[in-house]
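Protein chains: 2
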Amino acid sequence: MTANELTIVKSTNLKPKPEKDQIPFGSTFTDHMFVMDYAEDKGWHEPRIVPYEPVTLDPAAMIFHYGQTVFEGLKAYRADGDRILMFRPEKNLERLNRSSDRLSIPPIDEDEVMNHLEELIRIEKDWVPATDGTSLYIRPFIIATDPNLAVAPSKTYKFMIILSPVGSYFSGGIHPVKIKVENEFTRAVKGGTGMAKTAGNYSSAYQAQSNAYKEGSADVLWLDGIEKRYIEEVGSMNIFFKINGEVVTPALSGSILKGITRMSILELLRDWDVPVVERKISIDELYEAYERGEVEEAFGTGTAAVISPVGELNWQGKKMTINNHEIGELSQKLYDTITGIQRGNVEDPYDWVVEVK
Amino acid sequence: MTANELTIVKSTNLKPKPEKDQIPFGSTFTDHMFVMDYAEDKGWHEPRIVPYEPVTLDPAAMIFHYGQTVFEGLKAYRADGDRILMFRPEKNLERLNRSSDRLSIPPIDEDEVMNHLEELIRIEKDWVPATDGTSLYIRPFIIATDPNLAVAPSKTYKFMIILSPVGSYFSGGIHPVKIKVENEFTRAVKGGTGMAKTAGNYSSAYQAQSNAYKEGSADVLWLDGIEKRYIEEVGSMNIFFKINGEVVTPALSGSILKGITRMSILELLRDWDVPVVERKISIDELYEAYERGEVEEAFGTGTAAVISPVGELNWQGKKMTINNHEIGELSQKLYDTITGIQRGNVEDPYDWVVEVK
Numbered sequence: 103m104t105a106n107e108l109t110i111v112k113s114t115n116l117k118p119k120p121e122k123d124q125i126p127f128g129s130t131f132t133d134h135m136f137v138m139d140y141a142e143d144k145g146w147h148e149p150r151i152v153p154y155e156p157v158t159l160d161p162a163a164m165i166f167h168y169g170q171t172v173f174e175g176l177k178a179y180r181a182d183g184d185r186i187l188m189f190r191p192e193k194n195l196e197r198l199n200r201s202s203d204r205l206s207i208p209p210i211d212e213d214e215v216m217n218h219l220e221e222l223i224r225i226e227k228d229w230v231p232a233t234d235g236t237s238l239y240i241r242p243f244i245i246a247t248d249p250n251l252a253v254a255p256s257k258t259y260k261f262m263i264i265l266s267p268v269g270s271y272f273s274g275g276i277h278p279v280k281i282k283v284e285n286e287f288t289r290a291v292k293g294g295t296g297m298a299k300t301a302g303n304y305s306s307a308y309q310a311q312s313n314a315y316k317e318g319s320a321d322v323l324w325l326d327g328i329e330k331r332y333i334e335e336v337g338s339m340n341i342f343f344k345i346n347g348e349v350v351t352p353a354l355s356g357s358i359l360k361g362i363t364r365m366s367i368l369e370l371l372r373d374w375d376v377p378v379v380e381r382k383i384s385i386d387e388l389y390e391a392y393e394r395g396e397v398e399e400a401f402g403t404g405t406a407a408v409i410s411p412v413g414e415l416n417w418q419g420k421k422m423t424i425n426n427h428e429i430g431e432l433s434q435k436l437y438d439t440i441t442g443i444q445r446g447n448v449e450d451p452y453d454w455v456v457e458v459k
Numbered sequence: 103m104t105a106n107e108l109t110i111v112k113s114t115n116l117k118p119k120p121e122k123d124q125i126p127f128g129s130t131f132t133d134h135m136f137v138m139d140y141a142e143d144k145g146w147h148e149p150r151i152v153p154y155e156p157v158t159l160d161p162a163a164m165i166f167h168y169g170q171t172v173f174e175g176l177k178a179y180r181a182d183g184d185r186i187l188m189f190r191p192e193k194n195l196e197r198l199n200r201s202s203d204r205l206s207i208p209p210i211d212e213d214e215v216m217n218h219l220e221e222l223i224r225i226e227k228d229w230v231p232a233t234d235g236t237s238l239y240i241r242p243f244i245i246a247t248d249p250n251l252a253v254a255p256s257k258t259y260k261f262m263i264i265l266s267p268v269g270s271y272f273s274g275g276i277h278p279v280k281i282k283v284e285n286e287f288t289r290a291v292k293g294g295t296g297m298a299k300t301a302g303n304y305s306s307a308y309q310a311q312s313n314a315y316k317e318g319s320a321d322v323l324w325l326d327g328i329e330k331r332y333i334e335e336v337g338s339m340n341i342f343f344k345i346n347g348e349v350v351t352p353a354l355s356g357s358i359l360k361g362i363t364r365m366s367i368l369e370l371l372r373d374w375d376v377p378v379v380e381r382k383i384s385i386d387e388l389y390e391a392y393e394r395g396e397v398e399e400a401f402g403t404g405t406a407a408v409i410s411p412v413g414e415l416n417w418q419g420k421k422m423t424i425n426n427h428e429i430g431e432l433s434q435k436l437y438d439t440i441t442g443i444q445r446g447n448v449e450d451p452y453d454w455v456v457e458v459k
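Those sequence lines, one after another, are chains A and B. Heads up: the first sequence begins at 103 in the numbering used here, then just goes up one per residue. Heads up: the second sequence begins at 103 in the numbering used here, then just goes up one per residue.
All the pointers check out, no bait thrown in.
If several chains are the same, the list does not tell them apart, and a pair holds so long as it fits within one copy or across any two.
27 angstroms max Cα-Cα, derived DSSO-like pairs, lysine-lysine:
| id | residue 1 | residue 2 |
| --- | --- | --- |
| 1 | 421 | 280 |
| 2 | 292 | 382 |
| 3 | 360 | 330 |
| 4 | 117 | 257 |
| 5 | 280 | 257 |
| 6 | 435 | 280 |
| 7 | 360 | 435 |
| 8 | 119 | 257 |
| 9 | 257 | 316 |
| 10 | 280 | 316 |
| 11 | 227 | 122 |
| 12 | 382 | 330 |
| 13 | 144 | 316 |
| 14 | 360 | 292 |
| 15 | 316 | 292 |
| 16 | 330 | 292 |
| 17 | 117 | 227 |
No wet-lab data here; the hints were simulated from the structure.
Next comes chain A alone, as it looks inside the complex (with noise of 0.2 angstroms):
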């Protein structure tokens, strides 16, 4: 056997499976996770599945002090005849090595990681739910692991992956949302992490989004950090507005996250011949085209919700109201492609699906 093989440790203690549409997002985790360590003189090794158990770290561990980690999230979902197919994970992988770049973390071997995610998804497909809209979701993340307070990169790294039954994001199905446009608080700025998925970047958000709440809005949508102007994401989810006819999303400036959904809609609405652009696009810009009653459809996307339509945006006071609160015509087609490729009831001509066999 070499530092590399797979090793695997099952569980005698199998936790019950929650009941089907009770499912909360990202509380409950299945019965094994995949672990594999980082050393200077080793590199990666020791990849192992386990049961999943708690993670001993020293309290000087770099991980509480400095930040350096980065994660991913993707899903699994189960198809017609129980098979369990994944949406697009190596785009997931090679982003985790992106944002390891950027957070000075050495990088995975993708094809590698993939084998023993599959393997782990083979053990635990009793825990990928059936029901319309849930999915397994599989969370993949390291972590700088020495014991050291110096401000340095650390010389060991710990590699997981611990999986969740999620139900359905919006329960009966899409539905738009208040979208609070956020001018105090910064997300992300040139120069900094705001293209990486790492920690820092979530946290940060906290204070903007429960001013949000609290307004009676959803989630945030981002202005740029240096002229508070030019529109970024939404939340942690990228955004779309269809305007004249045409679909406009934020081109990624260094400080948007390169969505796999945001991709996979490009990829699909130039497939369609619908007109599309990733371009710069300004709040004033957008109010202008809204005051021409020309903005049609605005919507989220990401991982969780896949297409979260947004029926109203709040910008100082302004308010545009989008398609009188309904789901557009171009917001459901996509959603309903997507989450039909992802679950094997549309065609998958972009071999967009992995199937775990």
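Using the hints provided, position chain B relative to the given structure of chain A.
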């Protein structure tokens, strides 16, 4: 006994203390640590001093995923007559609560924690090294512990204080360093978390630091994230310039950490009637002053080094040699005064030191 009464469990297996002057920064820890937990229904509870031991967390603990965490850094010094002194520790606990506010973490009771910290230092007093330039580094930190992948503030937290004996930051006293003015990466921006001591601010700087090392610089000077023009901080220190007889330090902008050494230097300079101003200062302005021969001294300030003189600044190929690579008179006087007060050798008319009795 109430839930807020301090309990103490002494270690039965004391570690050897490091040899004098052979103490690396932040990798040796003392025999005990302070721990306290937070739950919504109990607030902060069960303060305890226990043997230094690993932390056990669910792999879904929020600290690993969304970076909701804050920390502080301060020091205890051994003064004449074996007195143990801390330098303005109440300012660190104040700042911890300001950082927590930004990160949506519940505040601690500063007075109670100060008492617990003093008790911890009393128990570990033999760990406070005596050699000139050495001290006991104190690291309080709070981590989010809910095992939940929802992107929202945690409902439970752990507050810990760990202690590490540290050697002289610069062997043989202070000496001027080369600093690279950073043009590509950004540390922080208005509306972000730059003024908070939170993990994500530190690992996001590793790439820029690594590039600076490759170019022979010891650290980077950060410019503002918006115009890449205004000077913010050097590495994780605040920065001061003496220009034509006047001391200038960047005004706190929301993206600059409010350093306690910075604050103390401002108070000393005002007390000494040295002209000093907190204002915006651009790198262009600095370079113009340099070309006129008016930049007399430059130094970074922070808990680790107290004063770190800057001998050379490199800004996109433009090199500024400051005070002929020598320690400036004012830099030396500030260093001697502050380290003298910290070690009890210089009178402390400001009541900055707190003796642990």
